[in-house]
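With the hints as extra help, turn the sequences into a complete structure.
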Amino acid sequence: MTLDGHFEPRYALPLPRVTDEGTVTEPSRSLDRFITALAADDPSQLEAAWHGFVAEHTRLLLHVARSVFKTHDEVMDAYAYILEQLRASDCRRLREFAADPRSRVSTWLVVVGRRLCLDFYRRRYGRDHGGTSRDQRAMRRRLQDLIAEDVEVHELPATRMVGAELLMRQTELRNALERALDEVGVSDRLLLRLRFDDELSAQEIAHLLGFSSAFHVYRRVNALLARLRRSLEAQGIESALP
Amino acid sequence: MEQNHLSAAEIAAFIDQTLEGEFRVRAVEHLGTCERCRDEVAACARLAASAPTAVTRPVIWRVVMGLAAVLLVAVVLRPIWLARSPMGRGRNVTAERSAPMTSRITTVFPADSVPIARSQLRFVWKGDAGASAYSLAITDANGKTVYVIDEISDTTFALPDTVRLTPSVVYFWHVDAPHADGSSAGSSSVSFRVAP
Chain A
0 MTLDGHFEPR YALPLPRVTD EGTVTEPSRS LDRFITALAA DDPSQLEAAW HGFVAEHTRL
60 LLHVARSVFK THDEVMDAYA YILEQLRASD CRRLREFAAD PRSRVSTWLV VVGRRLCLDF
120 YRRRYGRDHG GTSRDQRAMR RRLQDLIAED VEVHELPATR MVGAELLMRQ TELRNALERA
180 LDEVGVSDRL LLRLRFDDEL SAQEIAHLLG FSSAFHVYRR VNALLARLRR SLEAQGIESA
240 LP
Chain D
0 MEQNHLSAAE IAAFIDQTLE GEFRVRAVEH LGTCERCRDE VAACARLAAS APTAVTRPVI
60 WRVVMGLAAV LLVAVVLRPI WLARSPMGRG RNVTAERSAP MTSRITTVFP ADSVPIARSQ
120 LRFVWKGDAG ASAYSLAITD ANGKTVYVID EISDTTFALP DTVRLTPSVV YFWHVDAPHA
180 DGSSAGSSSV SFRVAP
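Chains as they are written, first to last, in numbering that gives the first Met the number 0: chain A, 0 to 241; chain D, 0 to 195.
Take the hints with a grain of salt, since some may be wrong.
To be verified - When the alpha-carbon atoms are kept at most 25 Å apart in a straight line, the in silico SDA-like pairs for lysine to any residue are as follows:
hint, chain 1, residue 1, chain 2, residue 2
1, D, K143, D, R163
2, D, K143, A, D196
3, D, K125, D, Y170
4, D, K143, A, L208
5, D, K125, A, R218
6, D, K143, D, R117
7, D, K143, A, D187
8, D, K143, A, S211
9, D, K143, A, S66
10, D, K143, A, R218
11, D, K143, A, R173
12, D, K143, D, A116
13, A, K69, D, A50
14, A, K69, D, R35
15, D, K143, A, L176
16, D, K143, A, A225
17, D, K143, A, G209
18, A, K69, D, K143
To be verified - Ranges between beta-carbon positions, derived for each pair:
hint, chain 1, residue 1, chain 2, residue 2, range
19, D, K143, A, D31, 41 to 49 Å
20, D, P159, A, D31, 55 to 63 Å
21, D, V168, A, T35, 30 to 38 Å
22, A, R91, D, A128, 33 to 41 Å
23, A, M75, D, R25, 54 to 62 Å
24, D, P159, A, Y124, 49 to 57 Å
Unchecked claim - If the Cβ cut is set under 7 Å, some of the chain D residues that face chain A in the computed set are:
hint, residue
25, I10
26, A11
27, T17
28, G20
29, L46
30, D175
If you're looking for bench data, these hints aren't it; they were derived computationally from the structure. Glycine is no exception: its CB is placed at the ideal position from the N, C-alpha and C atoms.
This is the structure in structure tokens:
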């Protein structure tokens with residue numbers, strides 16, 4: 000990394016090779032070719048295979064980099080860093096993936112590329128990327144509210160609890176909710192976490208957890224919320240309001 | 000306590016649903032308690048779903064034009080084909096109607112993005128042959144459930160006055176009908192707005 004913070008790769012970066020029509024010119028089995036070239040230990044063959052692999056996945060990697068960085072320079076630096084790291088240690092990551100491919104290469108590249116981008120962000124700015132901080136996510140946490148029945152404004156208590164009393168009530172509520180969540184199965188707990196902690200859409204959850212449609216997710220979530228309400232009531236919690 | 004977080008390969012496989020057996024069980028257990036990994040799964044699943052493909056606009060455009068041409072030819076030739084085919088002559092409409100119904104539910108009202116008065120908000124759909132009851136769900140643009148009701152025996156439902164919908168905001172509704180054999184029929188998701 001240079002003094003002005005720009006990342007300089009140790010080798011010539013293969014630029015995205017895109018035709019006039021925007022079609023990426025790459026072999027369809029570029030990863031296989033690259034791994035084969037690695038095994039052959041022929042430098043010229045290896046570089047050609049590497050260029051093919053990069054050309055095939057450049058748009059994907061730029062897409063990942065843009066999810067973490069905003070400016071063009073940052074995105075291109077992160078892109079260069081991803082490529083550098085993929086070639087590091089004699090392409091250890093790619094070799095390991097090719098030896099035991101458990102997913103599509105594009106999905107794997109999304110995960111690895113994002114991890115490398117976050118790592119690059121930490122190196123450059125000396126702190127974690129703010130977009131996924133737990134504090135932010137905690138603020139969005141709405142499960143407690145959703146378990147509560149709708150409450151009219153005029154039903155709010157006239158006197159507001161303050162300070163320690165309010166904190167104690169919130170803690171009590173959170174603990175009761177955690178106990179109730181412990182009673183549901185691991186799959187259902189994950190479903191609720193993804194829906195309310197991570198705010199994934201029902202469609203996204205259906206894809207991740209293998210539900211046949213988003214509607215089946217809604218049905219399951221509603222059944223679980225009803226169950227949690229009953230569990231909270233059994234613990235003496237009638238309202239989510241502190 | 001130090002946790003064994005999911006590897007990149009495990010997270011990718013979880014997203015692609017190719018993680019099987021005890022590996023998937025372990026992943027589900029871990030994700031249920033580990034915010035960090037769950038956060039990563041959520042972010043990467045969204046990225047993977049929105050990732051660009053190598054197929055570019057000109058290619059897609061050519062495919063669309065090709066399909067449109069095929070459709071046009073089919074529409075033009077259909078009357079000729081019907082007239083010549085045995086099915087075309089003296090068609091038995093009754094027999095056609097008694098054929099097994101599709102498992103798709105068709106929404107009737109409200110239609111796409113038509114603003115309607117709140118007092119007239121009554122959902123209507125065409126029934127499904129294998130269904131004894133329906134479920135109706137209303138979601139907002141973020142996919143958040145606004146209202147769900149199960150066990151509707153009719154193919155129409157008036158939204159209770161207690162359900163508050165914000166005027167001019169776009170909502171989506173769809174109907175689902177579970178069958179006795181475990182399969183289900185569903186409608187597409189249709190948008191609607193309540194008039195101000």
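Verification of the hints:
1. D/K143 - D/R163: 14 Å, holds
2. D/K143 - A/D196: 13 Å, holds
3. D/K125 - D/Y170: 20 Å, holds
4. D/K143 - A/L208: Holds: D/K143 and A/L208 sit about 18 Å apart, inside 25 Å.
5. D/K125 - A/R218: Between D/K125 and A/R218 the Cα gap is close to 21 Å, so the pair holds against 25 Å.
6. D/K143 - D/R117: 20 Å, holds
7. D/K143 - A/D187: Measuring from Cα to Cα gives roughly 18 Å; hence the hint holds.
8. D/K143 - A/S211: Holds: D/K143 and A/S211 sit about 18 Å apart, inside 25 Å.
9. D/K143 - A/S66: 23 Å, holds
10. D/K143 - A/R218: With a Cα-Cα distance of about 13 Å, the restraint between D/K143 and A/R218 holds, given a limit of 25 Å.
11. D/K143 - A/R173: 22 Å, holds
12. D/K143 - D/A116: Given pair D/K143, D/A116 holds - Cα atoms ~22 Å apart, limit 25 Å.
13. A/K69 - D/A50: Holds, at roughly 17 Å.
14. A/K69 - D/R35: 23 Å, holds
15. D/K143 - A/L176: 21 Å, holds
16. D/K143 - A/A225: Between D/K143 and A/A225 the Cα gap is close to 17 Å, so the pair holds against 25 Å.
17. D/K143 - A/G209: 19 Å, holds
18. A/K69 - D/K143: 28 Å, violated
19. D/K143 - A/D31: 41 to 49 Å: With a Cβ separation near 43 Å, D/K143 and A/D31 satisfy 41 to 49 Å, so the hint holds.
20. D/P159 - A/D31: 55 to 63 Å: 59 Å, holds
21. D/V168 - A/T35: 30 to 38 Å: Check failed, 55 Å falls outside 30 to 38 Å.
22. A/R91 - D/A128: 33 to 41 Å: For D/A128 against A/R91, whose Cβ atoms are near 57 Å apart, the range 33 to 41 Å is violated.
23. A/M75 - D/R25: 54 to 62 Å: 38 Å, violated
24. D/P159 - A/Y124: 49 to 57 Å: Between D/P159 and A/Y124, where Cβ atoms are some 51 Å apart, the hint holds.
25. I10: Hint on D/I10: holds, closest Cβ of chain A at ~5 Å, below 7 Å.
26. A11: 4 Å, holds
27. T17: 5 Å, holds
28. G20: Result: violated, 12 Å to nearest chain A Cβ.
29. L46: At 5 Å from the nearest chain A Cβ, D/L46 passes the 7 Å test, so the hint holds.
30. D175: With Cβ-Cβ at 4 Å, under 7 Å, it holds.
In this structure, the hints that do not hold are numbers 18, 21, 22, 23, 28, in rising order.
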